[in-house]
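Engineer: Could you build the full structure based on these sequences and the hints that come with them?
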Amino acid sequence: MFAGRPMKDWIDEIAPKAGIVVAIGDCATYGGLPAVPPNPSDSRGLQFDRGGVKGGYLGPDFVSKAGLPVINIPGCPAHPDWISQIIVALAAGRAADLALDDFQRPKTFFTSFTQTGCTRVQFYTYKQDPPKFGEGMRTGCLFYEFGCRGPMTHSPCNRILWNRQSSKTRAGHPCTGCTEPGFPFGDLEKGTVFKTQKVAGVIPKDEPEGMDSGSYMALAGLSRAVAPKWSKEDMFVV
Amino acid sequence: MTTMELNVSPLGQVEGDLDVKVAITDGVVTDAWTEAAMFRGFEIILKGKDPQAGLIMTPRICGICGGSHLYKACYALDTAWATYVPPNATRVRNIAQACETLQSIPRWFYAIMCPDMVAAQYSSFPLYEEVAKRFAPYVGTSYQTGVTLSQHPVEIYAIFGGQWPHSSFMIPGGVMSAPTLSDVTRSISILENWARQWLEGQWLGCSVDRWLENKTWSDVQAWMEENESQANSDLALFIKWALQIGLDKYGQGYGNYLATGTFLNPDLYTNPTVDGRNAALQARSGIYANGQYFDFDQMRVTEDVTHSFYQGTGSRHPWEGVTEPIDPAEGAKQGKYTWAKAPRYDVPDLGYVPLEVGPLARQMMAAKPDAADFQDADPFIRNIIDELGPSVLTRVLARVHEAPKYYKNVQNWLKELDLHGEFYVKPGEPDSGKGFGSTEAARGALSDWIVLEGGKIANYQVITPTAWNIGPRDGNSNVGPMEQSFVGTPIENPDFPVELGNVAHSFDSCLVCTVHAYDGKTGKELAKFRMGGG
Ligand code: SF4
Ligand code: SF4
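As they're listed, the protein sequences go chains A and B. For the first sequence, position 23 matches number 23 in our numbering, and the numbering has no gaps at all. For the second sequence, position 162 matches number 1162 in our numbering, and the numbering has no gaps at all.
Hints in this document: simulated from the structure, not taken from any laboratory. Incorrect hints may appear among the rest.
[Said to hold, decoys possible] In the EDC-like style, the derived pairs of lysine to aspartate or glutamate whose C-alpha atoms are separated by at most 20 Å in a straight line are:
1) B:LYS1426 - A:ASP129
2) B:LYS1426 - A:GLU145
3) B:LYS1434 - A:GLU189
4) A:LYS8 - B:ASP1327
Structural biologist: As structure tokens, then:
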């Protein structure tokens, strides 16, 4: 409801007249957290449903007057800089430069990964995880035990920092993949929160994008074997 | 006698939508109904999920007090799992919670309070020109700097929590981060820079310590005239303006309050329990009703659904709470009119009394007798309430008085952090248990009740400050605290009822609201408008 009318009515009325439609945040993009089963409020994104199926409230074929599909700026929350830069790009007449990916996210922001620029990436290289939370800031990568989705999540969180200061992974907080339609992954079911999902107890269920589990295991074995001494010690020291 | 009804929306701003309808008789509000018009069902989603799901879900209930949601969600789990929380982790949690509120104070004052306060309707008052020059939305000189600088306190949040809002870095047993020296020094620089520029430079016109010497309303009056810099401060201008346009005259409410308190003492709450919470709170909890103080006891909280779009009638303790939505059209036939449940507190001997939460409530508890050494004991706002009565002005003063207090708290916790100490101790994860966690979001008491069974969430109930304040009529037809605060408000111009905006904004409800004006007799719509800042 907004100003006495259901939000749906506003969208029905405004969307056909809009030159460009931009969805900001996960709720508008994919349905977001309210769409986690049992989705009691029937939440949908404007042009996608949670999980990444094209459709959403406006339907797969919707294009705005400018001939563009909904431009999605996902994230929970979406970073103010992503929002303002994209709006500025549109206002400055650069819509043509705004190439979109499969989920209609501007590629300029959502091609790189959360991992791109993460301060822990050297530990990722040598497959070293931190001993536990709270020491996470001092060393190690959060992929192996704490469910970090940095290698599978397209976001500029470590290129454009949050509040100009930091990011989840820099602060020892696993990326939960909030710019992807599957967020929250595992539907918050038992055992899925801040824990790496594994096959046979050892192999991460979700591998870095573009890797099969055979090559991942080979690489991981090799990396661990050659891991230098410093990669097992604290790096982000007091 | 003319009676009309006004529908007000959007009055508040953030967490959903709030419709307010008021009946006006001879230019004064005689009755009010608030209606929460949005349903997202977070409690329904959480049922059956991972125990820690609330750490991800609840901060997202609200875009402006997510850190407060995280703080209490984490303590709900700490108590349910009987964790050990190292003192350093509590300090980091407190720093984060306080910084979120420090951000909120100026942002709310300029962006939410100011727009209706500087409405053209007030242009005949002598201070109007100066007030409009400084406080006008977007263009006011103080508005711009106040809002812009308000982003700095949450930078400190991001240093410890990775980002603000929507971090989940507080986890049972501590926090995820282990700060380095430069994290602390950077935080100190940001805090002090913000305090010099805004808090002292623009807002108070004096040092924080000078302001904190004020203990009574007459102290404040003397403070305003003490020197040019104080007289010219934004705070002094606001006070003079509020007295000029009569913000001290309406918005009283019931004068009954509830605070659940916040800022756990790092050394006294290393083993969080529900029963040990009150004694470990730096900002104390409590109830003030009919002139008497009572201790807060979470077992006395219930939620009433008689007038809410949920199955059934009557009230239950949140551990036993159910959230079974029904079709609003069906509900309307049963006299139900809102998505908000009505939280109620059973005050000893008085029974269920609607209680206002928020800054007035917190500052009333600061004046409660018998504070322990480490607890905040501060009679200042209590004195102003005694002198002037509760009102829009007093509510605003109570809120902004927290800026200097919280600033000093953050300074201290930063100083006390032991960088070589522990920030997390891995807890056991028992399959079953019950927990309660609570804090004070900027706009009032915010609490979670969790029940775990079989390693999953069996029940999760959240009571937000706005639920306390706008909670509708209950089974006994008591109106909610905010509804009550509208009553008695003089409405100069029903086509542009800025007075209602001033009342609603002083609560800073988490909901977006809308205004329509109806003639009470004919039901004809008179006017519709968006409240400033909405
Ligand atoms: S912490 Fe996450 S984002 Fe950073 S290197 Fe490890 S997996 Fe990648
Ligand atoms: S780090 Fe991951 S979860 Fe956090 S904001 Fe970025 S994409 Fe979202």
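Engineer: Measure nothing beyond the straight line between the CA atoms of LYS1434 (chain B) and GLU189 (chain A); if it is 20 Å or shorter, mark the hint as holding.
Structural biologist: At roughly 19 Å apart (the allowed maximum being 20 Å), GLU189 (chain A) and LYS1434 (chain B) satisfy the hint.
Engineer: Take the C-alpha atoms of LYS1426 (chain B) and ASP129 (chain A), compute the straight-line distance between them, and say whether it is at most 20 Å.
Structural biologist: Holds, at about 16 Å.
Engineer: For a C-alpha distance cap of 20 Å, please report whether LYS1426 (chain B) and GLU145 (chain A) respect it.
Structural biologist: holds, 14 Å
Engineer: Measure nothing beyond the straight line between the CA atoms of LYS8 (chain A) and ASP1327 (chain B); if it is 20 Å or shorter, mark the hint as holding.
Structural biologist: holds, 17 Å
When each numbered hint is compared with the structure, no violation occurs for any of them.
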